[in-house]
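A.B. asks: In order, the protein sequence lines correspond to chains A and B.
The first sequence maps to residues 1 to 463 in the numbering used here.
The second sequence maps to residues 1 to 463 in the numbering used here.
I should point out that these hints are in silico values taken from the structure, not numbers from a laboratory.
These figures come from a predicted structure and were not determined experimentally.
There may be inaccurate statements among the hints.
[What the hints assert, rightly or not] Restraint ranges, calculated between C-beta atoms of paired labels, are given here: (1) B/Phe4 with A/Lys119: 57 to 63 Å; (2) B/Asp257 with A/Lys119: 39 to 45 Å; (3) A/Gln95 with B/Glu272: 37 to 43 Å; (4) B/Asp257 with A/Glu105: 19 to 25 Å; (5) A/Met409 with B/Arg120: 45 to 51 Å; (6) B/Asp286 with A/Thr288: 55 to 61 Å; (7) B/Asp286 with A/Asn192: 36 to 42 Å; (8) A/Arg396 with B/Asp113: 16 to 22 Å; (9) A/Glu105 with B/Gly408: 35 to 41 Å; (10) A/Lys410 with B/Asn279: 41 to 47 Å; (11) B/Arg120 with A/Met332: 52 to 58 Å; (12) A/Asp254 with B/Thr287: 41 to 47 Å.
Beta carbons: idealized from backbone N, C-alpha and C, even for Gly.
2 protein chains.
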Amino acid sequence: MEEFKTVRELYETCRFGDTFEKESISDVKLEGWIRTNRNNGSIGFIELNDGTYFRNAQLVYDKEVIKDFDVVSHFKTGAAIFITGKFVLTPEMKQPFEIQVKAIELEGDVSEDYPLQKKRHGFEFLREIAHLRPRTNTFNAVFRLRSVLSMAIHEFFQSQGFIYVHTPIITGNDAEGAGEAFSVVTSDKDPNAFFGKPASLSVSGQLQVEAFALAYRDVYTFGPTFRAEKSNTVRHASEFWMIEPEIAFADLEDDMDLIEDCVRFCIKYVMENCEEEMNFFNTMIDTTLIDRLTAVLNSHFARVTYTEAIEELQKAKANGHKFENENIYWGMDLQSEHERYITEQVIKGPVFLTDYPKDIKAFYMRLNDDGKTVAACDLLVPAVGELVGGSQREERYDVLLERMHELGMKTEGLEWYLDLRRYGGCKHAGFGIGFDRLLMYLTGMANIRDVQPFPRTPNNLKF
Amino acid sequence: MEEFKTVRELYETCRFGDTFEKESISDVKLEGWIRTNRNNGSIGFIELNDGTYFRNAQLVYDKEVIKDFDVVSHFKTGAAIFITGKFVLTPEMKQPFEIQVKAIELEGDVSEDYPLQKKRHGFEFLREIAHLRPRTNTFNAVFRLRSVLSMAIHEFFQSQGFIYVHTPIITGNDAEGAGEAFSVVTSDKDPNAFFGKPASLSVSGQLQVEAFALAYRDVYTFGPTFRAEKSNTVRHASEFWMIEPEIAFADLEDDMDLIEDCVRFCIKYVMENCEEEMNFFNTMIDTTLIDRLTAVLNSHFARVTYTEAIEELQKAKANGHKFENENIYWGMDLQSEHERYITEQVIKGPVFLTDYPKDIKAFYMRLNDDGKTVAACDLLVPAVGELVGGSQREERYDVLLERMHELGMKTEGLEWYLDLRRYGGCKHAGFGIGFDRLLMYLTGMANIRDVQPFPRTPNNLKF
Chain A
1 MEEFKTVREL
11 YETCRFGDTF
21 EKESISDVKL
31 EGWIRTNRNN
41 GSIGFIELND
51 GTYFRNAQLV
61 YDKEVIKDFD
71 VVSHFKTGAA
81 IFITGKFVLT
91 PEMKQPFEIQ
101 VKAIELEGDV
111 SEDYPLQKKR
121 HGFEFLREIA
131 HLRPRTNTFN
141 AVFRLRSVLS
151 MAIHEFFQSQ
161 GFIYVHTPII
171 TGNDAEGAGE
181 AFSVVTSDKD
191 PNAFFGKPAS
201 LSVSGQLQVE
211 AFALAYRDVY
221 TFGPTFRAEK
231 SNTVRHASEF
241 WMIEPEIAFA
251 DLEDDMDLIE
261 DCVRFCIKYV
271 MENCEEEMNF
281 FNTMIDTTLI
291 DRLTAVLNSH
301 FARVTYTEAI
311 EELQKAKANG
321 HKFENENIYW
331 GMDLQSEHER
341 YITEQVIKGP
351 VFLTDYPKDI
361 KAFYMRLNDD
371 GKTVAACDLL
381 VPAVGELVGG
391 SQREERYDVL
401 LERMHELGMK
411 TEGLEWYLDL
421 RRYGGCKHAG
431 FGIGFDRLLM
441 YLTGMANIRD
451 VQPFPRTPNN
461 LKF
Chain B
1 MEEFKTVREL
11 YETCRFGDTF
21 EKESISDVKL
31 EGWIRTNRNN
41 GSIGFIELND
51 GTYFRNAQLV
61 YDKEVIKDFD
71 VVSHFKTGAA
81 IFITGKFVLT
91 PEMKQPFEIQ
101 VKAIELEGDV
111 SEDYPLQKKR
121 HGFEFLREIA
131 HLRPRTNTFN
141 AVFRLRSVLS
151 MAIHEFFQSQ
161 GFIYVHTPII
171 TGNDAEGAGE
181 AFSVVTSDKD
191 PNAFFGKPAS
201 LSVSGQLQVE
211 AFALAYRDVY
221 TFGPTFRAEK
231 SNTVRHASEF
241 WMIEPEIAFA
251 DLEDDMDLIE
261 DCVRFCIKYV
271 MENCEEEMNF
281 FNTMIDTTLI
291 DRLTAVLNSH
301 FARVTYTEAI
311 EELQKAKANG
321 HKFENENIYW
331 GMDLQSEHER
341 YITEQVIKGP
351 VFLTDYPKDI
361 KAFYMRLNDD
371 GKTVAACDLL
381 VPAVGELVGG
391 SQREERYDVL
401 LERMHELGMK
411 TEGLEWYLDL
421 RRYGGCKHAG
431 FGIGFDRLLM
441 YLTGMANIRD
451 VQPFPRTPNN
461 LKF
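With these hints in hand, go ahead and build the complete structure from the sequences.
C.D. replies: Here you go:
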């Protein structure tokens, strides 16, 4: 009996199945797309990808067996086909099995101008055909990892009882001051017409998620956020997904423990669930990838203060280390080169920098007793620099209000946020991970445009 | 030894633990918020909710044991406290355990004007304090279910190998014509300034997710979508989450099979994972809820054509059934009363209506051989009407192009979508579930504003 199978099922049976299971598969039906098709005049070979697995199934078709050998031998790369055939184990070959084709049908043909021919294409060219690039090895691997990593995030938090909160995308405040926000308007162009006040796209769900932490204790958001900055760098996009957990009855130490657990969990999860893809990245994209991630898995995550980091940087400079930005002083915002020096040269592993000067951090971060630093932390990792940023939140009403006044912030529209400090407030903390940057870190992909399905950046809205 | 515990852990040990496990818990530390606090002069009782579980822990404090009995007896509803106490099983009581308090500390006090006092509040009032309402029983249950249902969706699809795709929120086309879209602009107000063309908020990720189905076979989106319509109904919001799966090598029958599996899975999942909350909804919100959902679980999902449904409605009208909208003819768009008549009176259970007139459905739906209907389906369920809408997609390039011309649609900006039909296209299908409406269906909540953390509707952007 012929049975519908996916390529993934066949590989998994070869890999994990026992002899009986393997031998129980005989005649199969497969559907998928042709990656390559070649023949020697009497026998042909099709590499078939059906989307369920990174690797292809090898189809072998014989002039003696199938009708229309000549027609089939001209089936083109990219065509959708439907086949029936015999499943044959080939333990001595590179592929653990092949399919000896009995019948083959063209389900969907390919125009001559199909841009994904056999030759390799640059990532820049592939960005122009974002609707087709998931059919290439690299992007197939990237976007499968994106999906698996999303699931890792949900499993990590849900298994610990965290509540997932869909914080709003359209918002009336951009209070975090994290950057320029897009405005949301209706066709009549009056910015107040729809909501009665100006609306913008959220730059962070944190303020809203704090309200839920003070009801559920442990919560997280995971959704899209936006920046209207015209930065054309490999690490900036106008739209990207953020993970923002928030924990009540918790301080900065608890926060760092959670970040550490979360990062380790994600690394382990993709290594276990995307082995083929991770090996591919390690071979084709970044040959240091698996070593680098394994090192983090096995590392102690150091914790040093910003003040100690500044001292280390000044010492390095005094010893002749050249920084591009060599004006190093307490109070400065660290640049990527400084962060990388700390994690790569000083600590030689992942490190939390803590207790930053309040003037370079957000208004909601908890003021330390010294009156000049806040209970913030950034996780720095080798090869990348900052991966996660978190803080304990200011739970003291008066201190928060004073800080807002100091910064010239209006309390209007944030009364509800201040309320959280008046109504059973408690110490709480949280952090933010840029999901796309985490995915870059886990794949070795260098450009954020190459880890997003349809990236949005200035002048880029084709799809 | 005192041990940090959550209220959930204590309830679960009482429910699932063996005698040894239960007796191994002795002295515990708990943190949470006071729901009620009362006393008889020598013994006091605090209902403590720590956010981890729907039910409260009962704390008993004795004037003979704790210092400051008078102070503690004035701790107010909503205050955050930290306690240590002895865990005592009370199998003869309504609650399976109580905590005999040894020490209690105030972590965060409550202002006198705290709006959530003991008395019950209307949902309308609670919408005004959306930052506090998750602390009430109803909303605590609703938003926990929202989180659990989100996980159900991911587990359902991921366990079957579906790839989760983050389709873009900012989009250059509103091609589905599903409704009015919000525009996205930057501060200089020139609509072309940022992206080089006008941008709007996505009304659906379907077109983009089709591109991924033709690479991965089985995919889904789950993210926010937007409508700029000023509808002030209990079922409309300006921002809501949609689940949009798309499957390749699949037709309308496969699509309906998947919808059926998905709906059943979600019902089962929340019943198993939110038993307390579901019982609460069934008692306090909608006493038919669990019967209604159980009936769906055990039902055959009928499949009848739109044409048959029209005949049934005409027959009902002829037999004297009064419809508000009584002009019933082939080609009409069914109203909710018609849909409910079919599912409640004719089928008496869940039913797919299929093969709708092409003129009332979207351009991308596959034209049937009759030339006048399309391979679409709507799932109707008792008490609600339409819950899910799906269709097989038009995979034939020429037919799709002709349909777009017929509707006066421009192909500009959708060349990539048409490309999918030229480059190894295959039959494929998909559907959309409004996540918020599904949540309404599973909780019995009547207003979409009461299942969204911070709902966005016309003139409503406070948080």
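A.B. asks: Which earlier hints turn out false for this structure, listed by number in ascending order?
C.D. replies: Per hint list: single violation, 5.
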